[in-house]
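Q: Sequence:
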Amino acid sequence: MENNLIIVESPAKAKTIKKFLGKDFLVKSSFGHIRDLEKKNFGIEIENNYRPQYVISEDKKKIVSELRKSAKNVKIIWLAPDEDREGEAIAWHLFEVLKLKPDNTKRIVFHEITKNAIQNAINNPRNIDKNLVDAQQARRILDRMVGFKLSPVLWEKIKPALSAGRVQSVAVRLLVEREREIIAFKSKSAFKVTAIFEFLDKNNNKVELKAELPKKLETKEQALDFLNKCKNAEFEIEEISTKPLKKSPSPPFTTSTLQQEASRKLGFSVSQTMAVAQKLYEAGKITYMRTDSVNLSNIALTLAKKAISDKYGMKYSKSRKYKTKTKGAQEAHEAIRPTYLENKSVSGSNTEQRLYELIWKRTIASQMSDALLEKTTVIIRISTMEEKLIASGEVLKFDGFLKVYKVSAEEEDQETSKGLLPPLKMNQKLSPEIISATEKFTNYPPRYTEGSLVKKLEELGIGRPSTYVPIISTIQNRGYVVKEDRPGKEREYVLLSLINNTIKKETRIEIAGVEKSKMFPNDIGMVVNDFLVEHFKDILNFNFTASVEKEFDEIAAGKIVWTEMIDKFYRAFHKKVEKTMESSEWSKGERELGTDPKSKKIVTVKIGRYGPVAQLGKSGDAQKPKFASLLKGQHIETIILEEALDLFKLPRILGKYENKDITIGVGRFGPYVMHNSKFYSLQKETDDPFTIKMGRAIEIIEDKREEDRKKVIKTFEENHDLKILKGRWGPYISFKKENFKIPKNKDAKSLSLQNCLDLIKNRQKSKAKTPKIK
DNA sequence: CAGTGAGCGAGCTTCCGCTTGACTT
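In terms of the numbering used here, the first sequence is residues 2 to 775.
Rather than coming from a laboratory, the hints here were simulated on the basis of the structure.
From the three backbone atoms N, C-alpha and C, an ideal C-beta is built for every residue, glycine too.
A couple of the hints might just be wrong.
[What the hints assert, rightly or not] Okay, the calculated beta carbon distance ranges per label pair:
1) Gly349 to Lys407: 18 to 26 Å
2) Ser585 to Lys407: 47 to 55 Å
3) Asn478 to Ser71: 31 to 39 Å
4) Ser753 to Gly33: 45 to 53 Å
5) Thr115 to Met315: 20 to 28 Å
Sequences and hints are given; from them, build the entire structure.
A: This is the structure we're talking about:
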C-alpha cells in the first residue's frame with residue numbers, strides 16, 4: 002500500500018509522472034475542475050456577500066469518490082495541478098471536497114515533467130495560495146454574472162435561447178465590425194507598372210530582367226502618359242547595390258500559433274488541430290497542447306542542440322530563449338514541442354504524422370541559426386523622365402533555420418517572387434520587351450478565419466488556450482456567425498501595354514473576393530451585437546477583459562478582497578440590466594428599404610420569428626402585410642429594394658409536367674422545384690429561382706430520379722418499404738423513413754430481407770436500452 | 001419546404017475554464 006497520493010489534472014500527465022516515482026506513490030488525476038457553480042438559481046448568493054454555491058459536476062462524481070477513497074488510505078496527499086489561477090483553484094476544491102487535513106496535505110508544482118523537477122517539487126512543498134484561489138473565484142463569478150444576467154435580457158428583447166458572455170460577445174463584435182468595414186469599403190484602383198527587359202548574357206543565353214515602378218499611377222491617363230513617354234526612351238542601369246539581410250526563426254508553438262499554422266499549412270480547422278494534438282500528447286509524443294508559453298525547458302534546449310548538430314552540423318545550431326508577450330499569459334506549461342526531439346517523424350495516422358512534423362520543424366527551427374540573404378537592388382534610368390524603374394532580387398547565402406521551416410506568408414501580398422537577378426553592369430543599356438500598366442484594385446480588410454480570430458482574441462487577452470475551440474463553436478451554434486466559402490465576383494480591369502513602341506489597350510476580367518473558410522456574421526449576430534454594444538458598452542469593450550484581469554491580479558497579490566471587487570462590479574452592472582429590461586425596445590434590426598412602386602407599400606427587412614424576413618406593408622394596415630424569408634446570402638444590412646421585391650414573387654407556378662404543376666419556391670432548405678408534392682433542390686451556384694425555365698426544372702427532376710435509381714443497391718419483392726441504399730457513409734437500410742446502419746463486416750448485397758429486419762430490431766433494442774441523461 | 005412578435009402559455013434556454021470520454025446518423 003502506498004503512503005503518498007499525488008493528484009494532477011490530466012491522466013496522461015499522471016501516467017508520465019508515475020514512471021518517475023517509486024512504489025510509494027499513487028498518482029491520480031482529477032480530470033480538470035471537479036466542482037462548478039450550481040446552474041440553477043444562479044449559483045451565487047447575492048444577499049450573502051456573493052457566496053458561491055458549488056456543486057460537484059455530474060460527470061466527476063465517480064472520480065471524486067475514488068479520490069476520496071484513495072486519500073483515506075495514504076499518509077500524505079500532494080496536490081499538483083498547474084501553477085496558475087485555475088490550477089490553484091482545482092487544488093483548493095480538491096482540498097475542500099476531499100475533506101483533506103492541512104497537516105498531511107501539501108501543494109506542489111513543477112514546470113516540466115522530469116524526475117529532477119518532480120523530486121525538486123516534492124522537496125519544496127507549500128500551502129494553497131488562497132489569494133490566487135480567490136482571484137479564480139472572482140473570475141468565475143464575474144463570468145457567471147455576465148453570462149447569466151445578460152443572456153435572459155436577449156431572450157426577452159430579441160429571441161429565446163440566445164447567449165452573451167465576456168468572451169463570446171467580444172468575439173462576435175470583432176467579426177461584426179470587420180464585416181461592416183468590408184461593407185463600407187470603397188475599392189480604389191491604380192495602375193501598377195512593370196517592365197520586362199531581355200538581353201543576351203556573355204554566354205549568349207537569353208535572360209530576363211523584371212523591373213517595377215515603385216509608386217502606382219492613379220489614373221488611366223497618367224498610365225497612358227507614362228507609356229507614351231517610354232516610347233523611344235533609353236533605359237540604362239544607373240545603380241546596383243547589395244545589402245545583407247537576416248531572417249530569424251519564429252518561436253516554438255503555443256496553442257494559438259499551432260492552430261494558425263496548422264490551418265495555413267495543413268488546412269486543419271482549429272478543432273481538428275486540437276483533436277490531433279491531443280492524440281499525440283496522449284501517446285507521449287508531444288508536450289501539453291494547451292499552453293500560452295513559448296518557453297522551452299533546459300532539457301529541450303539540450304536535446305534540440307544535439308538533434309540539430311547531428312542532422313545538420315554545429316553551424317546550424319543556435320540556442321535561443323523566447324519570451325511570451327501575450328497579455329494575461331499564465332505560462333503553466335512549456336511551449337508545444339516533441340517530447341523526443343531526435344524523432345523527426347512518428348508513427349500514427351496521416352494527420353498525426355503531419356501535425357507532428359510541423360511541430361518538430363517549428364521547434365527545431367526555433368533553435369537554429371539565422372538565415373543570411375543578400376538583397377540586390379537595381380535602379381534603371383529612363384531617358385525621357387525623372388521616374389526610375391527598380392528591379393530587386395534576393396540570394397540565399399546561408400539557409401540556417403530555413404533548412405527545416407519555411408515561414409508561411411502571413412498575408413497574401415506576395416506579388417513579386419524575388420529570385421536571383423541576372424549579371425548586370427553599371428551603365429548597361431537595356432531595351433524593353435514589354436512595359437505594362439495593370440489596373441489593380443485595393444482590397445477590403447481580410448475577413449477572419451478561425452485561426453486569425455483566435456490570434457486576435459489572444460492579442461486582446463481574451464479567452465484561454467483551453468477555450469479557443471469552444472468559443473468558435475459557441476458563436477456558430479448560436480447562429481451568430483457561419484464559417485463558409487463564398488464565391489468571388491467578376492471584375493473588369495484595364496491592361497495597357499507597350500510592345501514595339503505601340504500601346505495596346507485591353508479590358509480583362511478577374512475574379513475578386515473569393516473567400517475560403519472564413520467567418521461571416523449572420524443578421525442575428527449583428528442585431529445581438531448592436532443591442533449589447535448599445536446597452537452594455539463597457540462589457541463589450543475590447544479592453545474589458547484586460548481591465549478585470551488587472552483586478553484579478555490585485556486579488557491574487559492580496560491587495561484587494563475579491564468580494565469587494567465583485568460587489569463594485571455587480572452593483573453597477575445589475576442596475577444596467579434592470580434598466581435595459583424595463584426601458585429598451587424589442588430589437589429586431591429593422592431597416593426600411595423603400596416603397597414598392599406597384600402597391601406603394603413600404604418594404605422593410607428585419608429579424609422575424611423564424612429568421613431574417615422581408616415585409617411588404619405595415620402591420621397596422623387594413624390589408625395584412627406580406628412576408629418572405631431572405632435567401633441564403635442575403636443580409637438585412639446589404640439587401641436592396643429590388644432584391645426584396647423579388648422575394649414576394651415566390652412561390653410561382655412554371656407550368657405542367659406529366660400533368661402536374663411545377664412550382665418554384667424557397668423553403669427551409671433553400672430554393673426548390675416542387676412537382677407531384679415532391680421536392681427537388683435547385684443547384685446552389687447555377688440556378689436562380691426567379692429566372693429558372695421549364696426545361697431546366699424538368700432536368701432537375703429527372704436528374705434526381707436518376708440519382709435515386711442509382712442509390713438503390715437492393716429491393717425486396719415481399720416488402721416495398723425496405724430498401725438497401727448507397728449513402729454518404731456506405732450502404733444502409735432504409736425502412737419507413739428511418740435509416741439503419743449495416744455492420745462493416747457484412748456485405749450489403751447479400752443481405753436477405755430477414756437479415757435486414759433483424760438488424761432493424763437489434764438497433765431498436767439497443768436504442769431503448771440507452772438511458773436518457775440530462 | 002410553413003410560419004413571420006404576443007388574445008391559453010408550462011418550462012426551458014445562458015457563462016468561462018479545467019479535463020477526457022462516449023457517441024457518431
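Q: None of the hints should be skipped; say for each whether it holds.
A: Comparing the hints with the structure gives:
1. Gly349 to Lys407: 18 to 26 Å: With a Cβ separation near 23 Å, Gly349 and Lys407 satisfy 18 to 26 Å, so the hint holds.
2. Ser585 to Lys407: 47 to 55 Å: 53 Å, holds
3. Asn478 to Ser71: 31 to 39 Å: Holds, since Asn478 and Ser71 (Cβ atoms, about 38 Å apart) stay within the stated range.
4. Ser753 to Gly33: 45 to 53 Å: Given range 45 to 53 Å: holds, Cβ gap about 49 Å.
5. Thr115 to Met315: 20 to 28 Å: The hinted range 20 to 28 Å holds for Thr115 and Met315, with Cβ atoms some 26 Å apart.
Figure legend: structure checked against the earlier numbered hints; every hint is met.
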